[in-house]
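Position chain B relative to chain A; hints supplied.
Just so you know, the sequences run in chain order A and B. One point on numbering: in this note's numbering, the residue at position 33 of the first sequence is 33, and numbering is uninterrupted. One point on numbering: in this note's numbering, the residue at position 45 of the second sequence is 45, and numbering is uninterrupted.
Keep in mind the hints are simulated off the structure, nothing from the lab. Cβ coordinates follow ideal geometry from the N, Cα and C atoms, glycine included. Treat the hints with caution; some may be incorrect.
As the list claims (entries may be wrong) - A few chain A residues that face chain B, going by a derived Cβ cut-off under 8 Å, partial list only: (1) 41; (2) 59; (3) 103.
Stated by the list, open to error - Simulated DEER-style distance windows between Cβ atoms: (4) 67/A <-> 30/B: 44 to 52 Å; (5) 17/B <-> 82/A: 33 to 41 Å; (6) 5/A <-> 30/B: 26 to 34 Å; (7) 28/A <-> 59/B: 16 to 24 Å.
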Amino acid sequence: SQQGEEDPQALSIQEGENATMNCSYKTSINNLQWYRQNSGRGLVHLILIRSNEREKHSGRLRVTLDTSKKSSSLLITASRAADTASYFCATDAGGYSTLTFGKGTMLLVSP
Amino acid sequence: KAGVTQTPRYLIKTRGQQVTLSCSPISGHRSVSWYQQTPGQGLQFLFEYFSETQRNKGNFPGRFSGRQFSNSRSEMNVSTLELGDSALYLCASKTGSSETQYFGPGTRLLVL
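Excised from the complex, chain A in its bound form (with noise of 0.2 Å):
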């Protein structure tokens, strides 16, 4: 079952505009991680925040994560048309647990 629920599950944006995702999920975590994937391909990690931080950068990348909400969100800044993807995000609980993921925002950037 998935621990994730991205939102929205659909965004489209110009260049240089910013893309907000978000994602709630129901169970403790030790982490949580985004990750994007172009046309159906292999996943790649963009961020991994710590059940104990609330924010974290990375580049043009900012995650925010609210434990007591049970929710995160990812930010891109100045978008390009090169971040078109689907955006997932997935929760790991620790020890020899497994990466539990949503369903995924599908980001478009037009020129």
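Structure of chain B alone, referenced to chain A:
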């Protein structure tokens, strides 16, 4: 380092047949996980192997099985294929202590 490789990349089978997919992890990675991705169910965890032992298993029928070899390469097998097994099968590897998984390009299986 070379990334995770999966073979074959594309596969067409008919119902009732069986299929074996292969995954070569990044050198030094001893954990290999398999996921099934479909439009309806999204990404679902199949199983994880670490040092040739299945460490975790998802909620899939026994037709889905896997194994890991001493060189950490892994195979998954699906017997008695059903139309619903059509999917992208993704393999991911990581070191034993890492939290980050590295994914291969996937094998796209079409069952007719």
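A quick look at each hint next to the structure:
no.	hint	verdict
1	41	holds (5 Å)
2	59	violated (16 Å)
3	103	holds (4 Å)
4	67/A <-> 30/B: 44 to 52 Å	violated (30 Å)
5	17/B <-> 82/A: 33 to 41 Å	holds (39 Å)
6	5/A <-> 30/B: 26 to 34 Å	holds (32 Å)
7	28/A <-> 59/B: 16 to 24 Å	holds (20 Å)
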